[in-house]
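> Listed below, chain by chain, are the residues.
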Amino acid sequence: MTDTSPAPGSLVGRNLLAGVEPDPAGDAGHADAPQRMGFFTDTSVCIGCKACEVACKEWNAIPEDGLELTGMSYDNSQGLGASTWRHVAFIEQNKPLGHAQTAVDHSDVDVFALAAQGSGTPPAEAAITPTTPAPEGAPSPDGRTELRWLMSSDVCKHCTHAACLDVCPTGSLFRTEFGTVVVQEDICNGCGYCVPACPYGVIEQRPGDGRAWKCTLCYDRLGAGQEPACAKACPTDSIQFGPLEELRERAAGRVAQLHAAGVTDARLYGEDPQDGVGGDGAFFLLLDEPEVYGLPPDPVVTTRDLPSMWRHAGAAAATLLGGLAAVFAASGRLPGRRR
Amino acid sequence: MNSGDVTRQGIRGERPPRQALVGQGLDGARPDGRSADGRAGGRRRRRGRKGEQLMVPEAEFSSYYGRPVIKAPAWSARDIAGYFFLGGLAGAGSVLAAGAALTGRPRMARAMKISSLAAVSGSTGLLIHDLGRPGRFANMLRVVKPTSPMSVGSWLLAAYGPAAGAAAVLDVWGRLPRLERTATGAAALLGPAVAAYTAVLAADTAVPGWHDGYRQMPFVFTGSAAVAASGMALAAAPVRENGPARGAAVFGAAVEVAATQTMERRMGLAAETYRTGTGGRYLRAATALSVAGAAGAALLGHRSRTAAAVSGAALLAASACTRLGVFHAGIASAEDPRYTVVPQRERLERRRAREREQADGAPGQEDTGS
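If you read the sequences in order, they're chains A and B. The letter at position 262 of the first sequence is residue 265 when you use the working numbering, and the numbering goes up by one with no holes. The letter at position 356 of the second sequence is residue 374 when you use the working numbering, and the numbering goes up by one with no holes.
No lab work stands behind these hints: they were computed from the structure. Where is the CB? At the ideal position from N, CA and C, for every residue including glycine. All clues given are correct.
Quick partial rundown of chain A residues pointing at chain B, CB under 8 Å, derived from the structure:
#, residue
1, Ala-166
2, Gly-193
3, Arg-214
4, Pro-299
5, Leu-324
With a straight-line Cα cutoff of 20 Å, these simulated SDA-like cross-link-like pairs (lysine to any residue) come out:
#, chain 1, residue 1, chain 2, residue 2
6, B, Lys-163, A, Leu-19
7, B, Lys-163, A, Gly-32
8, B, Lys-163, A, Gly-174
9, B, Lys-163, A, Ser-311
10, B, Lys-163, A, Ile-190
11, B, Lys-163, A, Asp-308
12, B, Lys-163, A, Gly-317
13, B, Lys-163, A, Trp-313
14, B, Lys-163, A, His-33
15, B, Lys-163, A, Ala-21
16, A, Lys-235, A, Val-57
17, B, Lys-163, A, Pro-310
18, B, Lys-163, A, Ala-31
19, B, Lys-163, A, Arg-314
20, B, Lys-163, B, Ile-146
21, B, Lys-163, A, Gly-29
22, B, Lys-163, A, Ala-28
23, A, Lys-235, A, Ile-50
Here chain A stands alone, though its shape is the one from the complex (with noise of 0.2 Å):
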């Protein structure tokens, strides 16, 4: 990728496809754009309640797409798809969660005290974290006193360079002035390309509907000023919705926060501009590689390498007729019966 930054708003020059891309939307000819907002969704916090599966439901009016008990932990709706855009994640694992022990006492604990100080506490005023240090000798019935549950809410990623977008034929996906990516159903014929162009198998055809449906970062409460149901509902601030830069330093504060309080395994996933799809739109904190959660660990915007693939088909295009070709040449004419 070369960078050689010209005029700003100028395309010429520039490589769209994959890279470092600061201004999504201005690219996508959005004037006077706002700030590009985003998810940070924090797993470390958060508490697997689902109110964002519901909201999100709720608000979308999402079918019901199967109830059904699949025995992985708590987490009966399996994937993100054409009908669940929110999908809590639950692992669970036999390791312990940074000073954290299973079988800590917390009898003391006062937590009307707690309830009244309302959601959303803030962690360092909250009594109880998953970072918080045990006691010393805390008791550990049949010894084991490693166990952790993580749980995390996935959405689609929003990317810098959205491989859906790019291979939609009809124009259907588009990038939003916020600079999400957003499926117009009117337009939507249901070709389903986007699905095996996600790196991160997001996008699904809704069955009996054949149309492509995903999160759209509830564009039309952007629009309206709001901030997306998911976010709005959710009760611990594991899902931060704001403009992506904020979003960032955030991000970067809270794991050195984690790393502090011994929580060596946070890391973020998602939030650098100079990954494979330049930077999701919406990243996230994990404490375990992304593959646990069902996410890959190095995606690539696959029309990253389209011009190469162009490049060879004409290649290929042109063996055939020059082959063709030649095997007329080597053939000759058949003499007589011209028309």
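Start from chain A and add chain B according to the hints.
The following block gives chain B in isolation, referenced to the frame of chain A:
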């Protein structure tokens, strides 16, 4: 449905998809000796009977309950593999038609023009049939979008289809010879593009079995297109005129087999899906049919009409098998998270190792990226 029980001894009667998977910092082995990478794709997906032991990769592999990371397309094998096959048959057929017309082989030319019109009509029909909203197929021509191979392909078909149609109709009708020659020429020039672009269509996805072969896939597809078109020419043209068809069969089979082998060698982990399961079976059949068809055409095609027709049928079947094989291999590579996670994990580890090396070796020197 949930048959597992949690007891003091651990989990009993648990089904393989129910494993909570562990990540880095823990050894992958569970106390019960099972590997941490649970085999699961859910009950809705059928899985090939792949040997679990064969699949153990070098990189540490974990996934979320064995579920796929990316989504396989909802495309039907008949529609999309059929679309690839017919597009190739039409595109390469138009080149054969033009060549035959120019070298005094009118019966082969007419047969190939008719075959190309039928094939491109069928191919477009299958494409529309596979849409979730077939009534909105015209939206394909709503925008021109070079980043979308499907948009490029729609416009290619919109230009190629009428050209191939005019060439066939005017040939049979016998009027407007100049327009007929122009249409034949235009179809011959657009045909190879129609045959090649479908490879980009498949490769421009996150599907490991398709994307990772993007350098060779266009050659697999154009080779396969030549195989199909030469097969049609052998079946439809008289022995006197089928010399170029025999040459095209050998050329197409050589390109296809060589490109497929190269692709499998260079693809990495996802190449497994080209050797095993449904994809592997179709591709083995494709190679056998191509080689047999091309050999039959080259050795016997000029002697007997029957031998030519049988070779032609084998070549047509070979091309269809290639497309079905590539289609199924891609689906298999999308449905197993291993093919997505392991190569990415290895790439990530290599990059981190490089960064560490650079940080150790040249302190103060900043890597400005490549």
